[in-house]
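With the hints in hand, could you dock these two chains into one complex?
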Amino acid sequence: MSHQTTAAVNQAHEHHDPVANKIGMWLFLFTEVLLFGALFITYAVYLTLHNWDFMAGSRELDRLMGAGNTVILLTSSLSMALAIGALERGKKALSLVMLGLTLLFSFGFLLIKSVEWSHKFHHGIWPGAEHLAAMNQGQQVFFGLYFTMTGLHALHVIIGALAIIFAAVMIIRGKVHAGRIDLLENTGLYWHLVDLVWIFLFPLFYLIG
Amino acid sequence: MSDQNNHHIVPYSIYFNVWLALLALTVVTVAVSYVDMRNVAILTAVLIATVKCTLVLLYFMHIRFSKLLYTVMILSVLGTYAIFLGLTFADYGYR
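Respectively, the protein sequence lines represent chains A and B. Counted the way our numbering counts, the first sequence spans residues 1 to 209. Counted the way our numbering counts, the second sequence spans residues 1001 to 1095.
Bound conformation, chain B alone (with noise of 0.2 Å):
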């Protein structure tokens, strides 16, 4: 039985290597953030934390086995966010 959102039921190994990979990727941030290179391993930290944040969103989350209109929909609302940011900065950043 399947549901009808997803072509098949992901396997259990699916779960288990994105868990391990997000696991591998907190030990690369801490580890990391002992390199004293102050605003670099913020950008450093992001960065990761987005790539993690991307394999919840695509496996956890099952964007990866979803209809097309769920990744339009998030990629809509990161840009949306990512305008607000800018902006903010676009001021802050001058003044």
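Pulled out of the complex, with its shape left as it was, chain A reads as follows (with noise of 0.2 Å):
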């Protein structure tokens, strides 16, 4: 390696930033609150103007599959913070293991969202439907909100594991490790996102009724 290229590699780490990275992520999550958050607001006036309507249709979800789904990511989320915590300390294997732990807890948060999805299609409630179209408008709303908030979440928890996947490629890689654990805890910080909204979405569908 010529002495320019050396220097041209030990420039780009300089430019290594973990407080901007950061910083950046935060500004990201900050996007991701307004995006959330204004369909919250949308369900909050639709709560307001068409109240029975609303815990009607909070009661033909499934509690127990909704309680479940909130137990499974904050434990995924336990897990999360766990796999930073290894790596700080050097412990490559048991970060690992964590963030595959994570990573099955997304695929089981996942599974139980789709039979959820098609029990209510198997009853013939799906965005479009003519069964849905035949309902109270108020429910036609709640039940419109319910496929688009928790399709948008669920959205989210495949590129949050998808995340989880590239970061443990890079704890392996050797390219993340506790010298330079940004990276992993900026994919901590995302998915601790995805279960905050899972936190407010369980209880304003699942348990209004």
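Derived from the structure by calculation, the hints contain no laboratory data. Each hint can be trusted.
Using 30 Å as the maximum straight-line C-alpha spacing, the simulated DSSO-like pairs for lysine-lysine come out as follows:
#	chain 1	residue 1	chain 2	residue 2
1	A	Lys92	A	Lys175
2	B	Lys1067	A	Lys175
3	A	Lys91	B	Lys1067
If you want the footprint, here are the derived chain A segments under chain B, 3+ residues with CB under 8 Å:
#	stretch
4	40-49
5	69-79
6	83-89
7	193-207
Only part of the chain A face toward chain B is listed, based on derived beta-carbon distances under 7 Å:
#	residue
8	Phe30
9	Val33
10	Gly37
11	Leu189
Backbone N, C-alpha and C define an ideal beta-carbon position, used for all residues, glycine too.
Following this line, the structure appears as structure tokens:
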């Protein structure tokens, strides 16, 4: 390697700025807060306008599966935090095990979510269904918001799972380690946001009946 | 080895305790929902959810151990959101 190439490589390392990376991830999370936040405001308005229909719609949802998914995501946040803690302590293998657990939890969440949705489809309730169109306007709005918000959230779970896989690969390859951990920390921040959104989704959709 | 964003490495036990608190609050949320008081139940659910979010933010997302800057940013965003929510209901609440 020439002297010039080595200097260029060193310069690339000098540009790694973990504080900027962390602030950048937080700024992105704020856009996510406003994205889901806007949908929650929509929900709040229609909850006020169609109070009875929303409660009736809520009773159609399976509380046990919703609560189960809540426990799954909360525990996945724990395993994610433990994964970061392990890598901070230089425990690469433990960190990867914790990330693997987090990934398994995400699959469990998506599995339950798909079971829930297929139940609804089986009963003739899906976006644009005739059976749904025959219901009260309030209930139509409720289920429209249900599919939109849980669907958008599930998309974020999938993206989060992919990010976790990417972080795990980076750790295996030695690119992410105790001295350069911000990629894993920021992946964790994203994952916790996914958990935060569900913390609000669960009671508002499943528990108001 | 600690990263430059934290003063120290957070003990594992804190994460476990926060997780237990979150599970307990979830149980409370579900239990309260069976008390048939409609809008009070919704308000309580949202309040408990807010507490859960605060715990996740403070401990899992490390705000408790980070610079004040992050707290200020988060509160600013939440304040902005509260304005959106408030103005929306200032309209819809009186239609």
